[in-house]
Amino acid sequence: MLVILTVLVMDKWIMPFYVSHGEQVRVPNVVDKDFAEAKKILEHAQLTVIRKNRYDRLATPDHVIQQIPEAMTTVKPGRSVELIIADNDRMINVPLLKLSTLRDAQFNLESLNLKMGKVDSQASNEFPAGVILEQSIEPNQKINIGASIDVVVSIGNNLVEAKVPYLIHKSLLEAKSLIVESGLRLGIIVKKYSHELLPGTVIAQSLDSSMTVAPLSTIDLTVSSTDKEDE
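Using our numbering, read the sequence shown as starting at 212 and increasing by one per residue.
Treat the hints with care, as some may be off.
Said to hold, decoys possible - In silico DSS-like links for lysine-lysine, alpha-carbon gap of 27 Å or less:
no., residue 1, residue 2
1, K329, K309
2, K263, K353
3, K329, K381
4, K263, K250
Keep in mind the hints are simulated off the structure, nothing from the lab.
Please work from the sequences and hints to get the whole structure.
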């Protein structure tokens, strides 16, 4: 009886408020509701749901802490609504990084709120340059959100000398990948204030791009920062 009453209420009073002109729906407010209830409300409003978890030690677990679009936004039926769901578990499974490229591994870690740690290089007769050979923490182990994972990347085989890549105006992520793929090692990273460049943009490199150096030579970088204390 209660279920029938709930459906009648949704159909006769709630839904007419959200649906207008047959082509538009108003996004219901589901913030602070548990995920199951929020999903039911949105689907009844002809919307689809995308769930993303976010660590929040203060919020009630499995409850909505943010929705995109916001409540009362007018959208077309079938539009996806992204729900950010509170998760107070700080532990996460380590992803498999071996045999992926450094750039792919970086994106993978960032999507899980993990960090790329130290990047070392090693010659390999089996794997081409740029492929990750080892990771400091094995896959599927539990680690804290925000933790770092070190990796060892192949520089290929028969590398007698390494050509220094041009890194100016590259993002730090792209520069790291180019350094490893060139058979070099990243050294010190210095930050320097710039109001013109995006944070983390390379503005200087210790080895000139016209140089050819020994494999595994170290190259230091200066990258832009929005912090005036880095002037």
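A quick look at each hint next to the structure:
1. K329 to K309: The given pair, whose Cα atoms are some 15 Å apart, holds under the 27 Å limit.
2. K263 to K353: 19 Å, holds
3. K329 to K381: Cα-Cα ~20 Å, so holds.
4. K263 to K250: 13 Å, holds
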